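Residue numbers (this note's numbering), protein chains in the order written: chain A, 646 to 976; chain B, 5 to 400; chain C, 8 to 350; chain D, 10 to 542.
No lab work stands behind these hints: they were computed from the structure. Since this is a predicted model, take the numbers as computed values, not measurements. Every residue gets a Cβ at the ideal spot worked out from N, C-alpha and C, and that includes glycine. Any given hint might turn out to be false.
A few chain B residues that face chain A, going by a derived Cβ cut-off under 10 Å, partial list only [stated by the list, open to error]:
| id | residue |
| --- | --- |
| 1 | Phe141 |
| 2 | Asn144 |
| 3 | Gly148 |
| 4 | Ser345 |
Each computed DSBU-like pair below joins lysine-lysine, with the alpha-carbon atoms no more than 35 Å apart [unchecked claim]:
| id | chain 1 | residue 1 | chain 2 | residue 2 |
| --- | --- | --- | --- | --- |
| 5 | D | Lys80 | D | Lys271 |
| 6 | D | Lys484 | D | Lys271 |
| 7 | B | Lys383 | C | Lys221 |
| 8 | D | Lys271 | D | Lys367 |
| 9 | D | Lys241 | D | Lys367 |
| 10 | D | Lys80 | D | Lys241 |
| 11 | D | Lys130 | D | Lys241 |
| 12 | D | Lys484 | B | Lys383 |
| 13 | B | Lys383 | D | Lys241 |
| 14 | D | Lys223 | D | Lys130 |
| 15 | D | Lys130 | D | Lys80 |
| 16 | D | Lys241 | D | Lys223 |
| 17 | C | Lys221 | D | Lys271 |
| 18 | C | Lys221 | D | Lys80 |
| 19 | C | Lys221 | D | Lys484 |
| 20 | D | Lys271 | D | Lys241 |
| 21 | D | Lys241 | C | Lys221 |
| 22 | D | Lys484 | D | Lys130 |
| 23 | D | Lys130 | C | Lys221 |
| 24 | D | Lys80 | D | Lys223 |
| 25 | C | Lys221 | D | Lys223 |
The primary structure of each chain is shown beneath.
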Amino acid sequence: LVNNGDDGSSEADITVGIVYSTGGLGDESFNDMANAGVERAVSEFGIDYEDAEPEEVSDMNEMQRQFARQDDIDLVCCIGYDHQTDLEQNAAEFSDQQFMIVDSMVDADNVINYVFREHEGSFLVGQLAGLLTETEYAHAGGESNPGESIIGFVGGRETSLIKRFEAGYRAGAEHVDEGIDVRDAYAGSFTDPATGQEIANGMYSDGADVVYHSSGNTGGGVFESAQSNGRFAIGVDDDQSVSSEDFSDVIVASMVKYVDNAVYESIQSVVEDDFSGGETNDLGLEEDGVDAVIGQDFEGELPGDITSSIEESRQQIIDGEIDVPTTTDDS
Amino acid sequence: MSGLRSRLAGTLDRLVDASPLERLIISVASLIFALVLGAVLIFVSGFVATCDSPVVFVPGVGYGCYNPIEVYLTMLQGAFGSPVSLGQTLQETTLLLFTGLSVAVAFRAGLFNIGTQGQMVLGGLATALTVLWISQFVPNNAIGTIIVIPSGIAAGAVVGGFWGMIPGVMKAYADAHEVITTIMLNFIATAIAFYLVNNHVGDLSSDSVLTETIPAVAQFPTSIDSSRFSLFALGGGLLVAIGITLLYTQTVLGYELRTSGLQEAAAEYSGVNAERNIVTSMTLSGALGGVAGAIYVMMVQYRWQSGIPSFGFDGIAVSILAGNNPIGIIPTSLLFGALKSGSLAINFSLGVPTELVEVIQGLIILFIAMPEFFRLIGKRSGFGSDTPATSGGEQA
Amino acid sequence: MNVSTDSISREKMLYTAVVLAVVAVACLWLFGPVDASSISMALRLTVPIGFAALGGIFSEKAGIINIGLEGLLIVGAFSAVASMYALSLTPIGANVWLAFGFAIVASAVVALLFAIACIEFKADQVIAGLAIWLIALGFAPFASTIVWGQVNSPSVDGFDEWAIPGLADLPVFGDIFVMAPPVMLLVAAGPLTWYVLNRTRFGLWIEASGEDPKALDTAGVDVQLVRYVGTVLSGVYCGIGGAALALNAGTFVGGGETMVNGRGFIGLTAYLIGNYNPIGAFLASFLFGGLETLQLGIQQTSDIPIPSRLIGVLPYVIVLVVLVFVGKTQMPSSAGDHYESDD
Amino acid sequence: MSADDESADGAGPGAAAVHLDGITKRFPGVVANDDVDFAVEQGTVHALVGENGAGKTTLMNVLYGLYEPTKGTVRIDGVRHEFDGPSDAMDAGIGMIHQHFMLVDTMTVAENVVLGNEPTKWGGFATDRSQAIEETASLAERYGFDLDPTAQIDEISIGEQQRVEILKALYRGADVLILDEPTAVLTPQEVEGLFDIFAELIAEGKTIIFITHKLGEALEAADDISVLRDGKLVGTVPADDTSEEELARMMVGRDVLLDLEKPDAERGDPILEVEGVSVEDDRGVPAVSDVDFAVHEGEVFGVAGVDGNGQSELIEAITGLHQPSIGTITFDGSQITTASRSDRIGMGMAYVAEDRQKRSLVMDYDLRRNGLLGCQRLPEFSNGFRIDWDSTEEYVDDVIDEYDVRPPDASADAHSFSGGNQQKFIVGREFERDPSLVVASQPTRGVDIGSIEFIHDRLLDLRADGTAILLVSSKLDEVRQLSDRLAVMHDGEIVAIVDPDAVSEEELGLLMAGERPDGISAESARIRGRESA
Ligand SMILES: Nc1ncnc2c1ncn2[C@@H]1O[C@H](COP(=O)(O)OP(=O)(O)OP(=O)(O)O)[C@@H](O)[C@H]1O
Ligand SMILES: Nc1ncnc2c1ncn2[C@@H]1O[C@H](COP(=O)(O)OP(=O)(O)OP(=O)(O)O)[C@@H](O)[C@H]1O
Ligand SMILES: [Mg+2]
Ligand SMILES: [Mg+2]
């Protein structure tokens with residue numbers, strides 16, 4: 646879409662091109678977060694931006710290049726790891742163009758990289774899930790099932806990135822109790838909420854209290870299922886209790902990945918003429934790159950011992966006392 | 005006056021009735037109708053969409069965001085307006101040429117290969133792995149390229165051909181309908197490729213599901229600056245189109261392949277092993293799909309990455325639009341290539357969703373499927389005699 | 008006469024039944040017992056597939072091969088959610104049944120257009136069906152983007168589950184009888200469709216229209232009308248299936264292959280496996296629903312780390328195996344042919 | 010030209026059930042019926058004869074409301090009708106049984122009979138199946154048809170299917186029954202059965218019009234015979250006052266030799282030897298058991314039998330489309346039992362297949378391409394890789410010319426030709442390439458007498474040139490007239506090989522039924538019977 650930003654009266658004469666990842670806007674998580682970052686830059690710096698939503702991974706290359714070729718574009722934001730290989734070549738070819746990439750690293754002087762330690766945030770929500778399954782707790786639209794110690798994880802496609810979410814989540818749950826049964830399943834698609842819903846249904850009916858998803862639009866089905874089963878769910882990338890407000894009564898927390906901050910910061914560096922190409926920002930809990938954010942309906946409503954032990958782990962991870970794995974044992 | 009009119013009508017009569025010409029007219033008319041319907045869709049949807057600078061105001065309805073003519077001009081500009089756009093268009097054209105030919109080869113033999121997509125996916129993967137491996141042993145120069153690129157194409161053809169052979173065998177020996185088996189095999193091919201790349205043969209350090217990038221020796225030399233298009237690939241496609249035409253019109257094998265697909269019992273009568281020929285046709289078709297995958301990997305993406313665009317399905321449209329005539333596929337693949345690269349442009353500069361082009365492509369196919377529609381229109385407007393239509397012999 | 012081919016196909020059907028049974032038993036034995044929730048889940052996953060399959064039977068038996076079932080499902084899914092959304096902006100408010108109705112109408116209208124192309128304009132049915140799919144595949148995300156600015160819809164309300172009085176209170180399996188209305192519709196649609204096709208005048212006409220339209224025509228029945236009705240019914244059924252899919256998930260997702268994700272093609276396969284028998288088609292659809300349930304279950308419980316992507320292709324592989332055994336199904340002999348009454 | 014038929018104008022109301030007055034039916038480029046006046050008296054059997062394309066079917070389709078006439082009127086029982094479709098005609102008491110049966114194979118006899126007029130129950134929602142069965146059964150009983158109302162159409166014989174068609178018409182209250190070439194598909198016994206049914210129907214006051222190419226049948230079964238030529242009615246004559254010769258002259262416009270002049274030919278060496286051959290059909294059921302015979306140069310070796318007694322499988326084993334389970338086949342001195350079909354073609358075996366639209370022609374190919382079918386690897390037409398289209402075209406033009414294929418258009422698709430012309434083309438293609446053996450299966454099925462005469466002449470020409478001919482036909486007069494020796498097949502076995510001139514049609518009928526008539530003895534015409542083998 647074009648004509649974003651406040652027309653013409655830009656304070657800083659900066660234009661940004663942003664290429665999202667497949668799945669597009671409206672995923673109520675990853676891409677929408679990136680968009681939020683740009684929008685914030687628009688309102689604070691008065692920049693202009695143009696954006697492009699690739700339908701397929703293969704569209705990304707041409708979209709990057711279209712922006713790179715335009716002289717008035719100062720920064721091209723590439724949202725998602727799928728941009729990496731194309732960007733490696735394009736960064737070399739368009740060496741005067743400034744790029745930023747989220748979720749992957751491209752070793753070039755004109756690219757600034759932002760990667761996240763999703764497993765750290767996932768650890769915290771895993772711990773939250775583990776604690777909830779062992780507690781008798783009811784609030785808003787859900788209640789726990791103290792009879793069973795089962796929690797679930799729903800992935801989109803079984804890629805190493807999503808595996809990292811799962812690994813952190815498992816480790817968090819195990820940190821609470823080795824005996825917790827963490828079920829996982831992959832829907833095979835980031836756009837199949839019906840399957841996501843059925844996976845979650847199965848998990849809940851087997852006695853799961855909480856299901857965490859990292860599956861894009863498929864996750865909508867997980868929330869739907871949580872709501873109809875009266876159980877809890879954990880969102881991803883964004884505070885989904887806000888972005889998917891209809892489900893705020895079951896979204897106990899979200900593993901937020903501050904893609905918006907990354908996008909905003911990169912634009913800021915361009916606006917302030919402080920672009921540090923070649924740099925990699927590895928963002929975890931410590932850098933406020935990821936975090937477990939309690940859902941808006943659950944703010945202050947979770948048992949104190951739960952919140953405090955999560956707080957404790959957060960510190961321990963930051964301090965290096967807990968080492969969060971990036972892979973599950975079986976993969 | 006009346007003499008001129010009747011002469012003109014006579015010419016048009018002959019045009020409407022003549023078979024190959026008729027097909028051409030129908031193709032062009034389908035395109036025009038689809039574009040007109042597309043324009044209506046663009047215009048109407050402009051009233052639903054929100055935008056900052058509407059192009060039209062209709063009292064009582066509201067503001068319309070899109071001007072169809074502007075949209076089409078932008079598409080044209082985006083397809084041919086600059087060397088880079090032209091490169092993009094020709095890149096798409098080259099790939100569609102191969103997938104279209106893949107579909108046409110099967111169609112000519114009376115088989116409906118919906119599986120070109122799957123054949124392309126697996127063929128492309130085979131190419132990527134093969135060239136990654138072979139490149140280690142060849143010099144990093146033109147000689148290396150001369151060795152590596154043909155090997156990559158061969159690998160794609162072999163694997164794509166194998167994947168096409170499966171539904172061929174199932175059709176020939178178990179009577180399983182190729183439309184269903186090829187649809188199923190598409191799903192299976194995508195999953196197998198994903199699994200292999202994600203878990204075994206890909207770049208396991210990447211979060212994306214992709215192979216390593218192929219080295220420069222394995223990349224087609226680009227013919228237009230800053231776009232990934234190679235005249236070698238396009239030229240190869242043109243040669244293949246001519247070759248297939250000759251195969252089917254001039255050779256015994258082509259004759260036998262067609263006969264087997266059209267009427268198995270008659271093929272047997274003529275002394276042909278119809279089953280084996282069905283397998284051959286599907287294998288040939290699959291091999292061309294595999295070559296399309298090979299070119300995609302070596303000319304466009306320089307690696308295999310999950311989410312191969314739907315060239316296989318678009319190939320069906322390209323082939324049907326051309327009446328499954330290999331030479332006719334040349335202009336139709338150019339048309340669809342232009343539509344595709346034009347679609348990126350309208351999204352970029354006008355904010356019209358790229359899916360519009362898919363709708364237009366679907367409409368083209370729909371109109372192509374019903375030649376009777378145009379005959380009726382022709383008759384209504386007084387042209388063409390009302391000879392009953394014989395079904396298009398070339399189509400399935 | 009044809010006694011021979013008939014007995015061959017019966018033999019093959021027997022094979023098929025055996026293969027299916029073996030597969031089913033093997034799956035059950037490997038992956039634990041069947042319980043109420045897994046049956047409910049399989050039923051829910053069956054809904055879009057089953058409706059597509061039953062609808063496809065009407066159309067193809069009447070002589071119009073409808074390969075565009077997938078597209079009709081997409082139309083149903085999109086229209087249901089778009090109607091919910093649009094209704095919520097009107098004083099009527101979001102009403103799930105109204106939206107359901109609109110979706111059925113929308114899908115039926117598209118099916119009617121398809122029928123007009125095939126009957127009036129003698130379109131090649133397979134190609135026109137393909138076109139319907141492509142158009143829907145492009146149109147739904149296109150319209151989503153126009154309406155919502157993105158290919159995905161915001162979330163909308165869906166159906167509430169209903170408990171069947173009495174049955175729902177049964178021990179162990181009672182939970183199966185608490186289900187959303189579309190599931191109930193599907194369970195009813197199988198036998199109902201069978202009844203309509205096998206016991207009513209209209210059913211006879213449908214069969215004659217697909218097998219030997221001339222015989223029907225000379226018997227004084229309007230073949231084209233029968234074909235229109237059959238094809239529009241396939242649209243109605245797909246409208247139900249697509250709407251059920253989207254309203255159950257409470258959203259429309261238009262990215263990739265859209266949220267319908269190949270279910271229409273599976274439906275097409277299901278009725279072929281079921282050999283055009285509505286009960287068979289229903290069971291075959293249920294087999295796919297069940298396999299999907301098992302596949303998702305295996306992922307969660309099995310200790311063997313089988314990659315989900317490979318388990319996911321199981322249904323497709325089974326289709327191929329089944330096709331090898333069933334081979335040519337008893338396709339209605341005039342399906343795919345134009346019919347033009349001579350007068 | 011037009012009616013020299015007095016009943017059309019002379020008879021009072023009621024006497025003539027059907028009056029067609031001045032019917033003209035034009036198709037683009039063709040006048041199928043040209044000002045035809047045609048009348049049929051109530052309670053009679055009326056035969057309609059004429060060459061292929063003479064307009065018989067078209068005329069009857071007009072009467073049945075399938076076609077609207079370009080000009081002319083239809084009167085039934087004196088009342089003028091304008092039919093808007095077959096259902097109007099049915100309401101007026103017209104029933105038609107088409108050449109190709111209009112029965113739904115997958116439905117039962119009763120369902121087919123009631124289709125479109127189903128008895129219903131539950132307020133019209135459900136069909137009343139038991140009533141349908143009952144009504145069908147009682148109707149069948151009334152006319153003495155032996156039919157099981159619950160049998161599925163594809164499980165009953167052709168003759169039975171024809172009876173279902175008749176029942177269908179009767180169920181709808183037909184008083185006038187039109188049958189288009191009803192005997193073309195029947196065995197001689199079934200034909201007799203059909204004529205008995207005619208008698209029953211006439212006794213019930215019905216009127217029957219039937220189209221036929223077999224003049225003998227017209228003379229036997231009809232009261233009156235009308236002849237069409239080139240769309241015009243040549244005349245209507247009472248069956249008792251005419252002869253086959255006269256009818257043939259009326260049809261063709263010239264004298265036709267009905268009895269073939271079969272010149273003596275030199276019988277030479279055996280070309281095809283079949284020894285102890287058994288063939289199983291596709292299901293593995295034995296279809297041909299232990300058959301021996303030889304076909305010599307300059308000889309027509311006929312095979313007679315009721316369809317389905319193994320002739321097709323035997324032919325396929327000889328032509329290479331089907332492997333025999335045991336036995337040997339020798340062709341021109343070489344063993345070809347397992348040789349491929351294309352090798353046999355290359356050795357000079359020509360084959361006119363029984364099912365021409367399935368085997369001998371590709372319906373979507375034009376004649377040019379069809380001319381290549383089976384010849385594509387012969388050196389005259391290709392070098393094995395590249396097709397020589399020039400010589401193919403020359404050959405095809407020759408065939409079209411020599412065999413009078415109409416229209417003479419090599420670029421027209423096969424499906425646009427009538428059955429007779431398709432057959433002439435096939436025969437021409439196969440005969441013109443100097444074969445040493447011709448295998449001809451039902452070469453004149455559905456072909457008009459002019460073309461039959463032509464095809465027969467060509468077969469005898471080939472014979473005179475020393476070609477060996479294996480002729481399979483279910484037409485007894487054909488095999489009897491043409492064959493030098495005649496094998497009769499029953500149940501997969503050759504029951505006898507006889508001299509066709511020395512056996513009567515009755516004796517052949519009995520042999521075909523698997524019985525050995527007393528008259529046939531070792532020393533009578535039998536050359537070699539089964540037991541002696
Ligand atoms: N539907 C049609 N459209 C165009 N021409 C037709 C049609 N039906 C018949 N004809 C033409 O009308 C003429 C008469 O055909 P008709 O089928 O009545 O002949 P027929 O006497 O029944 O021949 P046959 O003995 O082969 O059955 C033929 O020249 C045929 O080509
Ligand atoms: N719908 C039609 N349109 C055009 N021509 C037709 C049509 N129907 C029949 N014809 C023509 O009518 C002629 C006779 O056709 P018909 O089907 O009656 O042949 P047939 O009865 O099978 O011939 P035969 O008696 O020799 O087997 C053919 O030339 C055929 O092309
Ligand atoms: Mg696991
Ligand atoms: Mg006729």
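ask   = Looking at the structure, which of the earlier hints fail to hold?
value = Violated hints (numbers, rising): 1, 2, 3, 5, 11, 12, 14, 15, 17 and 22; every other hint is consistent with the structure.
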